[in-house]
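Could you build the full structure based on these sequences and the hints that come with them?
Counted the way the working numbering counts, the sequence shown spans residues 1 to 184.
FYI, nobody ran anything at the bench for these hints, they're computed from the structure. Where is the CB? At the ideal position from N, CA and C, for every residue including glycine. Any given hint could be a false lead.
Each pair of labels, with its calculated beta carbon distance range [what the hints assert, rightly or not]:
no.	residue 1	residue 2	range
1	W159	A41	17 to 25 Å
2	A175	L23	21 to 29 Å
3	V69	L15	27 to 35 Å
4	V180	H27	14 to 22 Å
5	E68	R25	16 to 24 Å
6	R66	A175	15 to 23 Å
7	R37	V62	38 to 46 Å
8	G171	E80	24 to 32 Å
9	V137	G90	28 to 36 Å
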Amino acid sequence: MRAESETDPAAAHELWAAGRDELVRSHPASPVAPERRDGYAGLRHRPYDAGLRFVLPVDPDVEPQRLEVPTATDGIVPFELVGRLHLPMGDLDVWWLDSYGGGVFVPIKDASAGQATYGGGRYLLDTVKGADLGGSVHEGLVIDLNFAYNPSCAYDPAWTCPLAPPGNNLGVEVAAGELVPSAH
1 MRAESETDPA AAHELWAAGR DELVRSHPAS PVAPERRDGY AGLRHRPYDA
51 GLRFVLPVDP DVEPQRLEVP TATDGIVPFE LVGRLHLPMG DLDVWWLDSY
101 GGGVFVPIKD ASAGQATYGG GRYLLDTVKG ADLGGSVHEG LVIDLNFAYN
151 PSCAYDPAWT CPLAPPGNNL GVEVAAGELV PSAH
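So this is what it looks like as structure tokens:
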């Protein structure tokens, strides 16, 4: 997907959306319980908007901060603040997930949360799970708001998910990415 995203981001988005839909519909660890998958209507997302794709440097000038997220299955999951992204619509903190082998994590909560999108926010990057479009904290990241996706807890409250901390809240609506899941 990374190579496809560099040449045609809209085509990469369609492949990604189809892959996510299949994952949620049929993966053994899907957050949609097997007994509810027969009536599963699929993921809903906004059309691709090329104006919401950015290649941004990560500003490392941040005060050190640690975030510890309690989970039902993995105990405490630690995150370290490693930088900040400066988008046209506001800033987002960049976190390093300090477990599972490590990775970049960028959640987002915008003004559509609780209405058009999941109330707890969505994820932009989670490199531990392969959810990224390229780059690195040191070289810059590809940030495409069209790829904002729902965490597992959006589908089933039995799941525990790290949600967007205050430095990842935008005061404006981001009209991109996955919408709140339909009834399943």
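How the hints compare with the structure:
1. Between W159 and A41, the C-beta spacing of about 19 Å keeps the proposed range 17 to 25 Å intact.
2. Separation of A175 from L23 is about 24 Å and conforms to the stated range, judged on CB atoms against 21 to 29 Å.
3. For the pair V69 and L15, the supplied restraint of 27 to 35 Å holds, since their beta-carbon distance comes to about 30 Å.
4. For V180 paired with H27, a C-beta distance near 20 Å keeps the hint of 14 to 22 Å intact.
5. Checking the proposed 16 to 24 Å range against E68 and R25 shows it is violated: the Cβ atoms sit about 33 Å from each other.
6. Take R66 and A175: their Cβ atoms lie about 33 Å apart, and the range 15 to 23 Å is violated.
7. In this structure, R37 and V62 meet the distance hint of 38 to 46 Å, their C-beta atoms being roughly 41 Å apart.
8. Evaluation of the 24 to 32 Å hint for G171 and E80 yields a pass: the beta carbon distance comes to about 25 Å.
9. Restraint check, V137 to G90: a C-beta distance of roughly 19 Å breaks the suggested window 28 to 36 Å.
Checked against the numbered hints given earlier, the structure breaks hints 5, 6, 9 and satisfies all the rest.
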